[in-house]
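Please model the complete structure; the sequences and the hints are all you need to start from.
Protein chains in written order, with numbering that gives the first Met the number 0: chain A, 0 to 417; chain B, 0 to 417.
It is worth saying that the hints were derived from the structure and are not from the lab. Be aware that one or more of the hints could be misleading.
The list treats identical chains as one, so a pair stands whether inside a single copy or across any two.
[What the hints assert, rightly or not] Dumping the calculated DSSO-like pairs for lysine-lysine here, alpha-carbon to alpha-carbon at most 30 Å: (1) Lys160 - Lys108; (2) Lys4 - Lys61; (3) Lys110 - Lys333; (4) Lys247 - Lys110; (5) Lys211 - Lys48; (6) Lys61 - Lys48; (7) Lys48 - Lys33.
In this text the structure is predicted, and so the values were computed from the model without any measurement.
2 protein chains.
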Amino acid sequence: MSSIKASIITIGDELLIGQVIDTNSAYIAKALNKIGVQVTNRIAVGDNKEAITEALINTSAKSNIVIITGGLGPTADDITKPLLNEFFGGKLIIHQPTLDHITDIFVNKYKRPLIERNIMQAEVPDVCEVLFNENGTAPGMLFTKENVLFFSIPGVPHEMKGLVDTHILPIIQKRFKTPFIEHRTLLTAGIGESFLAEEIKEFEANLPSGIKLAYLPNFGMVRLRLTGADIDSNTLNININEQFAQLKNKVAAYLVTDLDETMEMVVGRLLKEKNQTVATAESCTGGFIGHLLSKHAGSSQFYTGGVISYDNRIKTEFLDVPTEILQTVGAVSKEAVEQMAIAVREKMNTDYAVSVSGIMGPSGQTDEKPLGMVWMGVASKEKVYSKVLYLRFDRSRNIEVTATQAINLLRLLIINKI
Amino acid sequence: MSSIKASIITIGDELLIGQVIDTNSAYIAKALNKIGVQVTNRIAVGDNKEAITEALINTSAKSNIVIITGGLGPTADDITKPLLNEFFGGKLIIHQPTLDHITDIFVNKYKRPLIERNIMQAEVPDVCEVLFNENGTAPGMLFTKENVLFFSIPGVPHEMKGLVDTHILPIIQKRFKTPFIEHRTLLTAGIGESFLAEEIKEFEANLPSGIKLAYLPNFGMVRLRLTGADIDSNTLNININEQFAQLKNKVAAYLVTDLDETMEMVVGRLLKEKNQTVATAESCTGGFIGHLLSKHAGSSQFYTGGVISYDNRIKTEFLDVPTEILQTVGAVSKEAVEQMAIAVREKMNTDYAVSVSGIMGPSGQTDEKPLGMVWMGVASKEKVYSKVLYLRFDRSRNIEVTATQAINLLRLLIINKI
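Encoded structure:
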C-alpha cells in the first residue's frame, strides 16, 4: 500500500526568530492524519523568496500534497501570493466573490472605507482554484502541478482551521484513495517512562508490523499511543483493538483513561457522570486549575467556581486559614491547603474541592522550603487529603505540572483511591 | 557579510500527527537569533530512519549549525542515538559521568533499581563531544562533519533549555564570528492591521536596506517588529534606534508598549511602578485572567487574588450581584460585571479590579445574547467602567482574547485613558 504523503510549509520570519509558536502545523497534521494522509515533514521558512521557492521544490518532489500557511496578509512583508503566482506561472486577477466579501466586512460591518490594500487581498492568480475564506479577507488557493496539490492558506489560526475543515479535507478525500489510519491512546499516572517501558517490553516486541507504539511522557504521567494503518478498515480495527486491549491489561494498575483526553477532561467526565461539582482554592497556580477545569465546553455542569488566594490575606479572609497557621507552619503547608480545600468546598457548597499552595520560582524559597515545593489538598464531604511534591522545573512548567497533579489527586479522591 | 546559518530538526511522530505542539523550535530559534545566528529553516520529521537521514543531509548542505531535538528517550521508538552513531561512523561507549549522574538520580533520589534501559542512556557514540545534561538522563551530543556542527539534544523542554543555554550557545559563540542582530518591538491596540499598514506605508517604503519591518496581528492588537543586522554593533544600534523612534512617533496614538512584552506584563509593570494592586472577578474566563496576571515572576507584588464566579450562585454569594440583576438583564450584562468589579475590589481591598462575564461557546447563546458576546468591567476607588465585545472565534480563542482585552481595559484605567 502506498500512502498519501503530505508536507506542511509554514511561512513567516516570526517562526524563525521564535517570536510565535507554530500551533497551525499541529492542527493541520492532526486533521490530515485523521483522513489517512501521512505528514512526512514540516518545514518553517522565513518571508524570503529563495527559501520559500526551495521549500516548494523540495517538498513537491516527495509529497502528493503540500499545504502552505502564512504570508498572505495585507502588508508588505507578506510575499506568498506574488511568489506563488510567479512559481505557477499565472497572472493576478480580482476574485469577485472575495471582493464582495471584503467589501461587506469593511463597509457594512466595520463601517470603514475600503482601501487599496484591502482590494488587493481579493487578487488571486488566474491559475488557481479559489478556496473561499468565510472567516477573513485573504482567500485560500489551490494549485496543481505534476499531480501534486498545493494549498495556500492564511496563517491566522481560525481562518486556517475554517479552510482546512471546509475546503482542504473534502478536496483531498475526493481526489485520493486514502488508507485507513487508527490511533488508540491511553494515559497512565504514577510510573516513570523507563519503568513502564520495562513492563511492556515483551508486548512492544511482539506488535504486528502494521502497528506502532509511541511514548509521550510528562511529569509523573505517560501517554501511550498505538497507531495502525491498513487499506481494509475492518482488519485494521480488529487488529488495533486486540493490541490495545492487551496493552490496557498490561498497564491496568496505572491506567487513568483509555481515551485521548487530558487529565482535566477525565475529571470533568467523572463529575458529569455522577452529577457532582467541584470548587478550587488556588494560591501558586493563580487561576490555572480553574482555567483547565473550565476550558472545555460543558464545564458549567461541574465547575462551580473558586477563590484565587494569591495573597496570604485572602487565604485568611476568604478561606479562614488561621493567621496562626500562616505564622507557624506557613502558607506552603499541609495545614494550609487542607483548610483551603475544606473552606472553599463548604462556602461554595460543592461535592469536592481542590487546593494548592507552593513556591513556583524563580525566587521565594526559604531554608525549610525549597523552590518547587508544593502542597496540594482535596476534600469531599467525608474526607480531606493532602500531598507534597518537589518540582524542579521553571516557573511556567511548575504551574502546569502542579495544576495537572492536583487534578489527578482530585480524580483519585473521586474514584475512591485515596 | 556572510551570516551564520542554522537549521533545526525536531524528531518525533507526535509532531507529525499533531499530538503535541512544537514549542522547542521557538525557544531554540529565539536563543540563536539573539547571538546573531540566522535560523533559515526548521524541519519536523517522524521517528523514521530515512526521513531523519535525509533531513541531516539536506540541512547540512546549507547550514553551519544543525540542532536536532528529540528521539533520545529510553524507549524503543527513540532511534536518534543509534542513527547518529551510524551516520557519523562511531561506536557506542559508556560515558562515565553520565552513568554516575543517572545512578545518582535513580538509586539515591528515586530509590529505584537501575535497569538496563537506564544504563543504555549513558551510552554515547565515541565520535561525539558529550554535553552533560544536568536536568535529565539523556546526554546532549556534538558531532562535527565538514565544518558543520550537529547538536543532538533531548526534546523534554526543560532539558532542552538547559543544554541550549549552558552548552550550545557558548560553543557557537566560541567557534563562529557572529554578526550583530537587533530587534525593536512595539505593541499597538485599537487599530486593525491594514489601517495601521496604511498609516506607516511611507515609513516602511523608506526603511534602509539592513532593516526589516514585520507585522504580528492579534485581535484588536498589532505587534510591529524592526529587525536589523550589521557587523558593527554601534552602527546597527544607531540606525535601528533612529528608525524605531520614527516608528513610535507614527503609531503614538495606539502605542501600548515599546518593549517586547505582553499586555499583562505591561499592566504588571505599571502596577509595580505605582505600588498598586489588582483583584479579579472572572466568570467565562474561569481563572485565565488570574493565570495571566500571576504567571510571571514578581506578580505577588501587585496581584492580590480573585473570585472565579463560574456559577451564578457564586456571583451572588461572593460578589453581591443581586439575583434581580441576574433574573432581569442576566449575568452577561453591564450591571453584572460592574458589580463584580466593585465587589471584588472592595472585598480584597485592592486599588483596581477587573471582571468578565460572557458566552464563550460553543453553546449558551440566547435570542438577545449571541455566542462570543462578552462584558468586561474595571473599577478603581473612584471609577467603574465597562465595555461589551462581540467575538467570533472558538471557545479557547474567545477565552484568550477576552482575558487580554480585559487586561487592556485595566491598563486604560490605570493610565487614566478611560
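Review point. Quick one: lysine 211 to lysine 48, C-alpha cut-off 30 Å, is that within a copy, between copies, both, or neither?
Key: between (39 Å within a copy, 15 Å between copies)
Give the relationship of lysine 61 and lysine 48 under a CA distance limit of 30 Å: within one copy only, between copies only, both, or neither. Cα proximity of lysine 61 and lysine 48: in one copy and across copies (21 Å, 16 Å).
Q. Is it within, between, both, or neither for lysine 48 and lysine 33, if the alpha carbons may be no more than 30 Å apart?
A. between (32 Å within a copy, 23 Å between copies)
Identical-chain pair category, lysine 247 with lysine 110, by Cα at 30 Å
between (58 Å within a copy, 27 Å between copies)
Using 30 Å as the alpha-carbon threshold, which applies to lysine 160 and lysine 108: within, between, both, or neither? The answer is within: 22 Å in one copy meets 30 Å, while 46 Å across copies does not.
- With 30 Å as the alpha-carbon cut-off, assign the pair lysine 4 and lysine 61 to within, between, both or neither. both (8 Å within a copy, 25 Å between copies)
ask   = Can you tell me if lysine 110 and lysine 333 fall within 30 Å by alpha carbon in one copy, between copies, both or neither?
value = Between. Shortest inter-copy distance 24 Å satisfies the 30 Å Cα cut-off; intra-copy 58 Å does not.
Comparing the model with each numbered hint stated earlier shows that all of them hold.
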